[in-house]
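4 protein chains.
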Amino acid sequence: MKIKTSSDYMSSLQSINPVIYYKGEKIKDVTLHPATAPHVRAAAMTYALASQAEHHDLATATSHLTGRKISRFTHVHQNVEDLLKKVKLLRILGQKTGTCFQRCVGFDGINAVYSVVYEVDEKLGTDYLERFKQWLTYIQDENLMVVGAMTDPKGDRSKNPSEQPDPDQFVRVVERRNDGIVVRGAKLHMTGAVNSHEILIMPTMAMDEKSKDYAFVGAIPVDAPGIIMVFGRQAGDDRRDKLETIDVGKPRFGSVGGEAMIIFDDVFIPNERVFLDGETEFTASIVYRFAAHHRSNYGACKTGLMDVLTGAVSYLCQIQGAAKGSHVRDKVTEMIHLSETLYSSSIACSAEGVPTESGAYMVDTMLANVCKQNVTRFHFEVARLAVDLAGGFIATLPSEHDLKSDEVGHLVKKYFTGVADIPVEERIKIGRLIEAMTGGTALVESMHGAGSPQAQRIMIFREGDLTKKVSLAKALAGIPSVKPKQEAS
Amino acid sequence: MKIKTSSDYMSSLQSINPVIYYKGEKIKDVTLHPATAPHVRAAAMTYALASQAEHHDLATATSHLTGRKISRFTHVHQNVEDLLKKVKLLRILGQKTGTCFQRCVGFDGINAVYSVVYEVDEKLGTDYLERFKQWLTYIQDENLMVVGAMTDPKGDRSKNPSEQPDPDQFVRVVERRNDGIVVRGAKLHMTGAVNSHEILIMPTMAMDEKSKDYAFVGAIPVDAPGIIMVFGRQAGDDRRDKLETIDVGKPRFGSVGGEAMIIFDDVFIPNERVFLDGETEFTASIVYRFAAHHRSNYGACKTGLMDVLTGAVSYLCQIQGAAKGSHVRDKVTEMIHLSETLYSSSIACSAEGVPTESGAYMVDTMLANVCKQNVTRFHFEVARLAVDLAGGFIATLPSEHDLKSDEVGHLVKKYFTGVADIPVEERIKIGRLIEAMTGGTALVESMHGAGSPQAQRIMIFREGDLTKKVSLAKALAGIPSVKPKQEAS
Amino acid sequence: MKIKTSSDYMSSLQSINPVIYYKGEKIKDVTLHPATAPHVRAAAMTYALASQAEHHDLATATSHLTGRKISRFTHVHQNVEDLLKKVKLLRILGQKTGTCFQRCVGFDGINAVYSVVYEVDEKLGTDYLERFKQWLTYIQDENLMVVGAMTDPKGDRSKNPSEQPDPDQFVRVVERRNDGIVVRGAKLHMTGAVNSHEILIMPTMAMDEKSKDYAFVGAIPVDAPGIIMVFGRQAGDDRRDKLETIDVGKPRFGSVGGEAMIIFDDVFIPNERVFLDGETEFTASIVYRFAAHHRSNYGACKTGLMDVLTGAVSYLCQIQGAAKGSHVRDKVTEMIHLSETLYSSSIACSAEGVPTESGAYMVDTMLANVCKQNVTRFHFEVARLAVDLAGGFIATLPSEHDLKSDEVGHLVKKYFTGVADIPVEERIKIGRLIEAMTGGTALVESMHGAGSPQAQRIMIFREGDLTKKVSLAKALAGIPSVKPKQEAS
Amino acid sequence: MKIKTSSDYMSSLQSINPVIYYKGEKIKDVTLHPATAPHVRAAAMTYALASQAEHHDLATATSHLTGRKISRFTHVHQNVEDLLKKVKLLRILGQKTGTCFQRCVGFDGINAVYSVVYEVDEKLGTDYLERFKQWLTYIQDENLMVVGAMTDPKGDRSKNPSEQPDPDQFVRVVERRNDGIVVRGAKLHMTGAVNSHEILIMPTMAMDEKSKDYAFVGAIPVDAPGIIMVFGRQAGDDRRDKLETIDVGKPRFGSVGGEAMIIFDDVFIPNERVFLDGETEFTASIVYRFAAHHRSNYGACKTGLMDVLTGAVSYLCQIQGAAKGSHVRDKVTEMIHLSETLYSSSIACSAEGVPTESGAYMVDTMLANVCKQNVTRFHFEVARLAVDLAGGFIATLPSEHDLKSDEVGHLVKKYFTGVADIPVEERIKIGRLIEAMTGGTALVESMHGAGSPQAQRIMIFREGDLTKKVSLAKALAGIPSVKPKQEAS
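Sequences listed follow chains B, E, Y and X, in order.
Just so you know, we're using the UniProt record's numbering here: the first sequence kicks off at 1 and counts up by one.
Just so you know, we're using the UniProt record's numbering here: the second sequence kicks off at 1 and counts up by one.
Just so you know, we're using the UniProt record's numbering here: the third sequence kicks off at 1 and counts up by one.
Just so you know, we're using the UniProt record's numbering here: the fourth sequence kicks off at 1 and counts up by one.
Chain B with its partners taken away, still in its complex shape (with noise of 0.2 Å):
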């Protein structure tokens, strides 16, 4: 690994250009720019703990390509174990951030796309894996950040690819040289983009025919010419632009991993970079296998994330003298009942891994999908529940420079001071703290990333084998087996 630290991560970002826009200005530095900083921050804790030693078990891996040790966020999942470890160092990093710290999204990319094209070559005779086995050696042994870069823009969404009047909707292919592919179109909501050194494009969903154009692999690097990112806005924002140090909640981290559009202006993919191009019959498997990886993740970062909730609230009730009410300890309750439950999933859509054709092992998909879509219900009630306890001052306290005023100054910390032997700085603090945890953007995440609810919800359906449900119950009903065309549902 190349990029061993923190500090390796940041001056290998000072070292490349990409093109970021942000409130319609350039962004030269994301690792100083008060907008990205956090971010960067919350990506390089993956870099930091796999150099602590209480961490580098789940934080490394051995590579299967070259016996090398290499961040875990780059490995190709071997076994189930792999599949635990993972889900135990995601939940880590969430407890350490309080964020998303985004290298799933590539980590997720990779293995989805190493399984599938190891079918492709099988099935067609094409030479897709070897392109796509130097790429990631590439990226093991540099320890490279890659952002996984799936959702289209989609424009009228009861169209198809083909059938949109701006056929850009959907990031394609608009030339085909000999020495490789030109794209355009955009990402959206891309996790971590603009602290990544690659971008890993596939497509968005299962394509049919007509849609050759759309169905390609590629990756390249973010600053490569024709890509242009923009950086959007997230709640709360403008505190840390103007560097407030309280109000902002989390003084070291994000609300949520960072998301920008990032745009392909016509960008150019040399051909050792393209891992697909036109098997419109392999694209299901790329999107569904990225989506199982992913939303198994969600089941364990978001259960970092609600454990400092958790913690918050518990803390917060102490300095109010309101910990010990029945109530109190209810929700406090409800909210670690909600949280571990989420945990589950990860962890059994882990232990019940299986492997591919190629090796690699793929979570549990029906699990999976369970995980995610009980993250867009949890995570909103554990928000809830914490806004319930934490009191109304959340969204009235006054603002840091109010705190430090003279003339104010001291009243607001009178009228805010909770129980004697506890600052009343800390209480304010950690208001702040689960406002910027409670508020829109962290939530709007548990509820689109990784697919939207509806999403898992097809997946949960198709995977549930209705027709051998259907028989268990006709066997204790007392009614004779029939045909099976007739136990369709």
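If you're looking for bench data, these hints aren't it; they were derived computationally from the structure.
One thing to keep in mind: the hints can contain errors.
[What the hints assert, rightly or not] Below 20 Å or equal to it, Euclidean Cα-Cα: the simulated PhoX-like pairs (lysine-lysine) are:
1. Y/Lys-468 with E/Lys-324
2. Y/Lys-26 with X/Lys-404
3. E/Lys-468 with Y/Lys-324
4. B/Lys-468 with X/Lys-88
Put chains E, Y and X on the given structure of chain B with help from the hints.
Chains E, Y and X only, in chain B's frame:
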């Protein structure tokens, strides 16, 4: 009514001089300052409606004191019809502002104090009602906005007012003079405080014998000597402060009411404006009646907000070409269902209203508490559904500066275009509206405004008449009746 | 009112001769047969209340046809007060019987048909209203119990009446004679059918032009030639059939209404009892109005049942020495909260009632549907909470034969004794009551009575006025209004 | 394994003579009596599976005591794989019986006692483990069914064992002899008791010093002198007693496990079968470990039941021509989602299993409690959804006697016919299956089996490590660490 129109109201605010701090600096003119102006505009809507023929009947009433036409927000409810008209008025105001319009808190304070001091006078031979009527006639004739000030800081919540290390954690009388009283302390979360004319101070809970100094009611202009307000932060306040026009979501109105802490730094209240002083046994009634009225309102104004949110996601789904999906329709149905369930309780507690001894009408206490309890659940769930249907872009959308940028504006527009015939700006504006209405502050207010969830549960249990319910069950189970003492739970 | 008392009602049932099958055999006398007697007693309570001074005002009304005092259950609502009184009456009846008292379905049928046939006559010049008034006067004067018969078997639900392989899956006119019509088919789930005097047949859904023969309304005595009823099973019916006294839970009343299928095996209905015949365009109104009235009732009668259940678990917790637990108190609070939320909607849809063209009053359709929708959720949740608090013994308790046994009775008593001063029999009786009220049939009825959940959702969406809501959102987002056609969702 | 097959098991039960009362009379042969035979058949399935090649690996294990092949239900878990295989076995048994198969309770008792008495011996130098191994070898070799007996009557729950007016409200040692102990008391809700061979008696909760006589563990055959069982009632037991074949829903199996109270009327237990006697400080461990194992199982067997229920409603919707409806599909998806969420926790707490000092493996306590807590919610919700989709007919369907009646059978059939090609009997059978699986007893068992909901919440709070969570929150909020004593909640 002296103040008749929105602009009368604006002018009236410019003619007074309250001391208001915000982000460490003084606010000179609340009608112009970007942080407070949106809230002023929302409150102004309560004046505007009274002068519109369409809403005149709901927005005004006839004073039972003077027979003159007054704003409904200064009226003492005389019958069930008054209570029902109030509910309908609040829903319309919620629909038109999408936020808190702030006048309920004074309105409910007036109604609570009126009916209780009648009973104080009856029992103790005091003359509080006469004083109160005189003040109220002034309020009605001038059509002033009153902030009802109830919530104290409370310090260590495991301790009573008299046990606190700092005796000022509840507002109290620190000096009694011949001509009035001097009070010290603070009231938190004061909705509409910075753009009100008068403050009606009420005790925050039932007081025991030791807490006589905390058991008073008084009214005072917002710019009386010794009053200092500190205006709190809200999600998105920086966007408003920077005069953004799209990213604020609601260009004309705020996210919530605009709350301030009001500090009483030894404020003198003359006797004619003191409406209770030391009669501790009546404090519970003031709190419960105020709470019941205030809780009943939430099912109306918040339904108005949910109407807006339902419309917003509905339109957004149209723009994205997704409105026909069965799951979209089902979630919109659920949003409506929850909204109307809330509204039911507001209507019901009004329809079941009863006269107090004074002739003023009270809502049904049980149903009013049930109403607010559901707000603390359903507003979050409606927001969750809105976030689900809106899609992830509300958390990752580039800023309006990027949208208007020469370099990337055309790309942002290109890739956020939905169905062909609706301008992309509409999608973005609706997205920002949903962001503003589902983010932190708005929901915190629904949770804690008019009392935290546990406060309602205590009332619901208390009003539940378990003795009667036990006897119903015993009758049906064939158990002979026993002495009442065994029936209590 | 000819039938004035419970015993008048019993006698009246003994004087008619409906054909009723149950468990393969004919029931001779429904007032004596153990399967039907509990339901007869519950319906009798509607007569009993009318003769009790305490309930007289709620239980009776003054006929707008004759000016005579009548049972409220035969009344056409003349104003909002009538609607509100009905709600209160239903809750009391629910509290006193702990079950369905069965008279609503005819009551609501009368109100739906009355207001619709007025409009038919107005539009088409028919004389249905006159016929209906004559029949209704007879019902009112005699004080008869009417079963409103709406739900058809429907066969294959993906097909319309006219597409069914068996045309009798919806009740239809098979012959038209000079003096009347002959009808064939069946109505399912007919609550109170076996102890009613008259059947009011109504169409089950909006009918199209091809379904003229299915679009009729008529009334017929329950013992008319060709009518056959088959009384359905309920949870616990065997215990009642064996005349057990403790294990039935409610010794005097049934679990639910007592439902029968009514088969019309070519039944003649004379013209003067035919109130619609072929006017398909009015069927939707009959169904919607009946449904709205009926749905509005569920929030009242079921609240009565939940009151009983809340009392039962409360008492049981006292007996077991557990009533002081904070989680017990919290769950009881939740049971009350959900009950009163339901009740709110019943009150609200009545308070918002509006006159039809005929002068008869309708409940608010939206709120009535919201009300029933919540019943389908909350009754289950209240039952779940009751089961939680009751403890596992309600599913494992030995039978009353063991309790009374010489060999083991003393041991059963010894080991089911709770706190010292309450007889063990009371614990067992209350346990059986809870078992009876939380088991299968009672909850199924709350789910499907007055229409399945999806039926309410369709109405809620339809009544939701999305066009208006979209325009509210656009106004707040600063989007200029556009042509209405683009606003529809 | 001496008992190898279902019929071996049946014969073995016929060779013993427990004293069993039911409905006031003695049961002679539990394999023949209609009340108990369905439960015997369910337990027999655990024997049957062991002899089927397909299930052999899951249903058997290799004894760590003897190296011999044994039933998994008599095995002490030796590793995570054992825990995972158990989970899979339980789901299959749930699918095949649709009910409780009763062997877990003894299984879990064996595992709890084994690991705890190892620790007792280590600490106190006793020889309990040797005694226990000897007994367990006998159980394994014979392949006996053991009922784990834990739940005491508890009398007045606000009092400890030693404070009860009747000291027998918890099972206790009433006499100590040289060769053994004599015990008195009762155990309630004993699943599978009447068709087990042996009883393993355990204390019901943590005992204090004063409760030495209550702190014992012992094993005894079910037909030992002084043991009297009273078999409890269940919903639908009368239908089974009358040998109905359709209306019972599940012709071969019961609704739940078949619970009995076991009365110990001064029962002698010889020393070699006494595994704890007075070591009060170890009672908590026995209870917690038993509870954790038992709670972990519920997410597996109940998922099996929900699989059946999902299949049943799916098929019913096909029969009624409704399977294509989007709301049907959505509700079926929800049923699957909730089922698999439960299953996740069973898998997860097993995958996270850890060795005890004895080498026996324990499930993860937190996740096992989370698992059971969700059962108490989701089984009700799945049942509610099933009732929703099934339609009202499951509560109003005529009896099978009517279906078979010469007079009305053809009419019942005619009007319950669904889509053309499926016999009406199948609709009725599936309806009855759903009725049986959603009615009272089945759900009560999911609520209270393995401990009531509050018992899990106490464990979840206790295992939640709030001190750590508080420190995570403080770190992120930028608060310096403080002394641990201030962190406790």
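Query raised in the report: Out of the numbered hints, which ones does the structure contradict?
Result: Going through the list in order, the structure violates no hint and respects every one.
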